[in-house]
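One-letter residues, chain by chain:
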Amino acid sequence: MTTIDPTTPIIRNSDLVAADMDGDLVMMSIEEGEYYGISGVGPRIWELLERPVTVDELAVTICGEFAVDEPTCRSDLLHFTQELIGLGLVQLA
Amino acid sequence: MIYTCYGLTFVSDLALPELLAAAASAARSEPDVQIRLGQVPTEGLTDGRQRGPFLWVSPRALWLRVPRIARFLVSDGNLITIAPEPGVDEDSIRVFLLGSALGALLFQRGLLVLHGNAIRIGEQCMVCVGASGAGKSTLAAGFLRRGYEILGDDVIAVDADCRALPGFPRIKLWQDTAQRLHIDTAQLRRIRPALAKFNYPLASPVIGVPLPIRWVYILGSHPLPDTRCEPIHGLERFTPLRNNTYRVRFLEGMALKREHLQLCGKLAGRIHLTRITRPERGFELDALVDRILADLAAHP
Chain G
333 MTTIDPTTPI
343 IRNSDLVAAD
353 MDGDLVMMSI
363 EEGEYYGISG
373 VGPRIWELLE
383 RPVTVDELAV
393 TICGEFAVDE
403 PTCRSDLLHF
413 TQELIGLGLV
423 QLA
Chain L
552 MIYTCYGLTF
562 VSDLALPELL
572 AAAASAARSE
582 PDVQIRLGQV
592 PTEGLTDGRQ
602 RGPFLWVSPR
612 ALWLRVPRIA
622 RFLVSDGNLI
632 TIAPEPGVDE
642 DSIRVFLLGS
652 ALGALLFQRG
662 LLVLHGNAIR
672 IGEQCMVCVG
682 ASGAGKSTLA
692 AGFLRRGYEI
702 LGDDVIAVDA
712 DCRALPGFPR
722 IKLWQDTAQR
732 LHIDTAQLRR
742 IRPALAKFNY
752 PLASPVIGVP
762 LPIRWVYILG
772 SHPLPDTRCE
782 PIHGLERFTP
792 LRNNTYRVRF
802 LEGMALKREH
812 LQLCGKLAGR
822 IHLTRITRPE
832 RGFELDALVD
842 RILADLAAHP
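Residue numbers (the numbering used here), protein chains in the order written: chain G, 333 to 425; chain L, 552 to 851.
To be clear, the hints were calculated from the coordinates, so they are not data collected in a lab. Don't take each hint at face value.
Ranges of calculated distance between the beta carbons of each label pair, as one might list FRET restraints [unchecked claim]:
#	chain 1	residue 1	chain 2	residue 2	range
1	L	Glu831	G	Gly369	52 to 58 Å
2	G	Asp401	L	Thr790	30 to 36 Å
3	L	Gly684	G	Met333	42 to 48 Å
4	L	Arg619	G	Ser371	46 to 52 Å
5	G	Ser371	L	Ala848	26 to 32 Å
6	L	Gly661	G	Thr339	42 to 48 Å
7	L	Arg696	G	Val373	17 to 23 Å
8	G	Thr335	L	Asp712	42 to 48 Å
9	L	Phe834	G	Thr334	54 to 60 Å
10	L	Thr790	G	Glu363	18 to 24 Å
11	L	Glu831	G	Gly420	41 to 47 Å
12	G	Thr334	L	Ala711	34 to 40 Å
13	G	Thr335	L	Gly589	56 to 62 Å
Backbone N, C-alpha and C define an ideal beta-carbon position, used for all residues, glycine too.
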């Protein structure tokens, strides 16, 4: 599996459809038709992943908008985006 | 014969007494949908995928075989061709025509199709969905008895503006439900000759206009003695909307899952969605109607 570090540019997989579900996000891969849900800070991160971005850059934005310290934020983001990559929802930019 | 339902005009080879006859003016314009008796391939679609022993689906067509009843071909959102089996009665054909075949046609026209009923509340409407046997039609009959208008029962078509389109004026009731509501089934037509389930015709809807959906209730039952109302938020809204989509497996071959997800998202963004769970034993219909009316009033 592709592994990333905080400086790797990543982007959403364009082969996905997402629908806002009452503030959360439900996504579907067009090819397999599987559904995925993201809630909490997730929809905001997804929004930022529309253009190529690194985990370091994501951390700066998210820390500015949510009450979280930067080391925790970066570590959580790395974990989360790594998971999205594993599911094929996010790819290297 | 020309009929109207879901805002569409239908011209049909088969008489459809459940539907409203269209105004005479409709005869002069091109119908939206044709229902024809004719040839339907015996072995499915050449350009589609088999989705079940008797079901083939492609992006433009759906082929359905109901053994001993008929084969149906639903094409391009504007044509249903029926090849009846020898000796079959028309009532039995209509059960599947006005159910699965019509549902497939509405999907092909880009609508979200829910399995439930829609009841007018002021200038909006509520939709009640739930598993078979949950009591949806009984609940609709309960609202009807209180003077509420029913926009549709069983197959609810929802447009891109999240409005329920007026269906046809009937509720399907089982014998025991009709008895509990003191409805004399001797005067009613069975939906199929061998089935103790009846078409209960309603007075024509006063308004034939689409109404925005404001509330969706998921009706279920549990072995406990109390009735529970639980609002559903966020991500949790998707699964019940998906699961209560009419014949959801049809979507797989229709290449419509993307549109379906987006329609569900739109609807989820504007409704008050609540799971209402009644006791399995002793269906207190009037109490349930009151409970829902109170919940509607609390979430205008």
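Tested hints:
Hint check: Glu831 (chain L) to Gly369 (chain G), Cβ distance near 31 Å, so the stated range 52 to 58 Å is violated. In this structure the supplied range 30 to 36 Å holds for Asp401 (chain G) paired with Thr790 (chain L), their Cβ-Cβ distance being about 35 Å. Between Gly684 (chain L) and Met333 (chain G), the C-beta spacing of about 45 Å keeps the proposed range 42 to 48 Å intact. Under the hint 46 to 52 Å, the C-beta atoms of Arg619 (chain L) and Ser371 (chain G), about 48 Å apart, fit the expected range.
A hinted range of 26 to 32 Å holds for the C-beta pair Ser371 (chain G) and Ala848 (chain L), which are about 30 Å apart. The beta-carbon spacing between Gly661 (chain L) and Thr339 (chain G), approximately 44 Å, falls within the hinted interval of 42 to 48 Å. Roughly 49 Å separates the CB atoms of Arg696 (chain L) and Val373 (chain G), a value that falls outside the hinted 17 to 23 Å. Between Thr335 (chain G) and Asp712 (chain L), the C-beta spacing of about 45 Å keeps the proposed range 42 to 48 Å intact.
Evaluation of the 54 to 60 Å hint for Phe834 (chain L) and Thr334 (chain G) yields a pass: the beta carbon distance comes to about 55 Å. Restraint check, Thr790 (chain L) to Glu363 (chain G): a C-beta distance of roughly 21 Å satisfies the suggested window 18 to 24 Å. Distance hint check: the CB atoms of Glu831 (chain L) and Gly420 (chain G) are about 43 Å apart, consistent with the given range 41 to 47 Å. Checked against the hint of 34 to 40 Å, the pair Thr334 (chain G) and Ala711 (chain L) passes, with Cβ atoms roughly 38 Å apart.
Between Thr335 (chain G) and Gly589 (chain L) the CB atoms are about 60 Å apart, so this pair conforms to the stated range of 56 to 62 Å.
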